[in-house]
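Based on these hints, arrange chain B on the given structure of chain A.
Protein chains: 2
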Amino acid sequence: MHKENYFQAINPSTNQLLGGEFKIANINEIDNAVKKATAAFDIYRKKSTHSIADFLDCVADEILSLGDALLERCHLETALPLARLQGERGRTINQLKLFASVVREGSWIDARIDTAIPDRSPIPKPDIRHMLIPLGPVAVFGASNFPLAFSVAGGDTASVLAAGCTVVVKGHPAHPGTSEMVASAFYKAIEKCDMPEGTFQLVQGNTNAVGEHLVKHSGIKAVGFTGSFGGGKALFDLANARPEPIPVFAEMGSTNPVFILPGALEGKTEDIAAGLAGSITLGVGQFCTNPGLSFVQKSEYTNQFYETLSEKINAISTGSMLTGGIKKMYDQGIQNTLTKEGVEDLAIGKSSTEPNSVAARIFRTTIENFSKSPELAEENFGPSSIFVDTQTKGQILEAANNLEGHITATVFGTDADLMNYKGLFDILEKKVGRIVVNGYPTGVEVCHSMVHGGPYPATTASQSTSVGTNAIKRFARPICYQNYSDILLPAALKNDNPLSIWRLLNGELSKNKN
Amino acid sequence: MHKENYFQAINPSTNQLLGGEFKIANINEIDNAVKKATAAFDIYRKKSTHSIADFLDCVADEILSLGDALLERCHLETALPLARLQGERGRTINQLKLFASVVREGSWIDARIDTAIPDRSPIPKPDIRHMLIPLGPVAVFGASNFPLAFSVAGGDTASVLAAGCTVVVKGHPAHPGTSEMVASAFYKAIEKCDMPEGTFQLVQGNTNAVGEHLVKHSGIKAVGFTGSFGGGKALFDLANARPEPIPVFAEMGSTNPVFILPGALEGKTEDIAAGLAGSITLGVGQFCTNPGLSFVQKSEYTNQFYETLSEKINAISTGSMLTGGIKKMYDQGIQNTLTKEGVEDLAIGKSSTEPNSVAARIFRTTIENFSKSPELAEENFGPSSIFVDTQTKGQILEAANNLEGHITATVFGTDADLMNYKGLFDILEKKVGRIVVNGYPTGVEVCHSMVHGGPYPATTASQSTSVGTNAIKRFARPICYQNYSDILLPAALKNDNPLSIWRLLNGELSKNKN
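Protein chains in written order, with the numbering used here: chain A, 2 to 515; chain B, 2 to 515.
What the hints contain is simulated information worked out from the structure, not anything from laboratory work. Just so you know, nobody snuck in bad clues.
PhoX-like mimics (lysine-lysine), calculated; alpha carbons at most 20 Å apart, straight line:
hint : chain 1 : residue 1 : chain 2 : residue 2
1    : A       : K431      : B       : K36
2    : A       : K512      : B       : K512
3    : A       : K495      : B       : K423
4    : B       : K37       : A       : K431
5    : A       : K36       : B       : K432
6    : B       : K423      : A       : K47
7    : B       : K423      : A       : K48
8    : A       : K48       : B       : K431
9    : A       : K423      : B       : K495
10   : B       : K47       : A       : K423
11   : A       : K431      : B       : K47
12   : A       : K299      : A       : K423
13   : A       : K234      : B       : K217
One chain only, chain A, in its complex shape (with noise of 0.2 Å):
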């Protein structure tokens, strides 16, 4: 027996409650928690780029001197393996430590002088200095998915404190213990780094009132978060309505499009069925970037590719999703799948016995019956994927065009196929993300380039990415100073570019001084 106001994990490979009790936040404490990081903002801010820079880095090594327990924990709160786990770990502390290097070196806060001309007619030209400052308090929502990466730990929370906001993070209830630790190590790092003690606050809970609280609360100053449409969307609502809106950068999901043009498959049948089995089956399909759906045009490979595509994915067992509730919507997914008119079943996978376990399932229907019945358009968490045949080029333009917003689409095809579907390339442009040609949507790359987001409904956010080190622009707004002084004007606005930084000086970028 609990006690009250506490709740336990659960072991989805077991459907057993696990030990450790966690508190759930009352309103109280979460008015208290961002009163706690509205205090420690204005002391956080204004630390120096190589302080906040090290902070980073040393919680990415405390998050790595916690050692196996962690993984160990999170193993049996997520029913992730322990080798994937291992693999999140190492992108999760390479993140921050990313975001260290881009704090370090300075540049990303855009400082643009205009040097005044006092002489100017009709009127004088003041000095005008602009650089992006961090936005406040910040509310960030660990993600189901990624215990680590887009967790506690991951993209939002390093990007926010790289951006020099003070963060209050909403830990998931599927991996409360996992949180807590991770959490342990930002307040061992917050106490070596000497940084205030509110700069990292991890609050719990397993009902929606507690992310409610949070983001009504009027000290909070935006809103980071990875999950589903509806938790998103309830989210950015949420936010539009207090007195002060503010933004959410909600990423939700998506059924990442994938187009398979005529000559793609000749040579390539078995590279492309493997591949794509595995995308869709990586995780136990539990991945915002998973292909959920494909257009195959039609040439004289089809048959062989659904064929190979099938054995593939019949040899792939795949273990316990992440939650009991995750599974039961996935079943019932490929339950409405089933009703619609016109779809094949194609091939189901292998799974265990344990009870949250599933089958990766894949199937099989023409444009005309996709056309015939949106929802088969409409994401399906977990290892399912629909194939939908199409016969000519305009086909495939008008599905392109029917798209909602995506995080990614994912084009396979010759040279020659590639500049015949030039008009695909315009239309996904409008529809997504980031667009892959001859690869697979999963494994996103953290790096200065990648683009992790796309239009509404996709994201809230559709002017950001919330993977990659452009992700920190979220989290800052931009200020200008008119007519300052040196002494008063901040580092990297001062004459001598004492931050050495890239600055866009009178229009032209340069590391000169003024």
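Below, chain B without anything else, positioned relative to chain A:
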């Protein structure tokens, strides 16, 4: 008697109808305009950067070609003096040319290239390239107070077209003839530069329905607005309630608080009084950056300052406001101020006998009385301003802390004052988009460093500016291309950098070829 579904302009200096009848766009006409803008977008966005730059330059030339007839009509519709309108036309033209230069230079699109590492372990690194692309057709609302520089060919329209978006402008009903003339310049430039017909369109109307239909249309992908809080907030709410929410960049005015620190007035009473009187009354006080609220830290020069300021205000003549409605609101605001406890009616300027002419008004009160009447902190659009006497640094800091979001804040002080009040700057950074030291907030410089924006309720989009070259970024979003062959890449991202733009190549800014 005018035709049904048409409206006429009113001369605010005479309250007489002006010649010319303007169609109130109905829902079908708006639908057609958005459909044309959508069709044009697919062509316009693929134009070369040089074609777009040439087009913007051509629009500027065509506006100039309208000659004095434009200024004369504008003067009749707005009661703004011809000299002011001539200056504003210059600003409008320079703004178009500045955006042309930004597009021609090309680096604004934030090109980023991370090259592949095929042999990276455990998984290969793909080639990923990033740039900004235009959002789609944009709805722009002309503002009443800058009938040229913030209206049909204003900063919003210029930055929308520079970003590669097409635009449907809702003309402000206070100057429909001016709007139509400026629109004709666009139509000529479209023809001369061989741009698609729907690149720019003007719709007119004197009802809210016109703007509402436009913002609700699924083809519109973003909104630019300058005007009242009520108008901007209504569009923001409409846009968020759409099936596909879209960003609204609404600049909704501000009180632009001023802080006069204890040493500021020594030897400068005359200068500052004259400067503030000018800034308060410029354009009949109808500037977004009009200083409506000042905190005056007690010094031995305080009384002399108020005396001098009163003399200046008493001597200044202001003319008609832009519309009868604006005049009525202004008068109401003055009456509200006078009903508040402890508000001294400091000075009244001169007005003409024209029906919508108003006099400048300044008021004085104590911080104690100011705190009792929160309405005193609200903007009263027009040439009125309230001065609040403070006694202590604590009162100044508290007043700053109590501010809502504003476009600007201004601080007057000696070097010693500025250092002594460092805490004031720390607070103001969180409240405004631009901080001016020993200067005046009116006269917004159009340059690379300008931020004309600020936290809500000054705008609905604190992460952007509506003036200056950075305004272009409001109408673009990032996309990335993974594993593209060089031939498939847009020019900005091709290996040999044919546009010679700055790019972030594996994390290093350069103009190098890859």
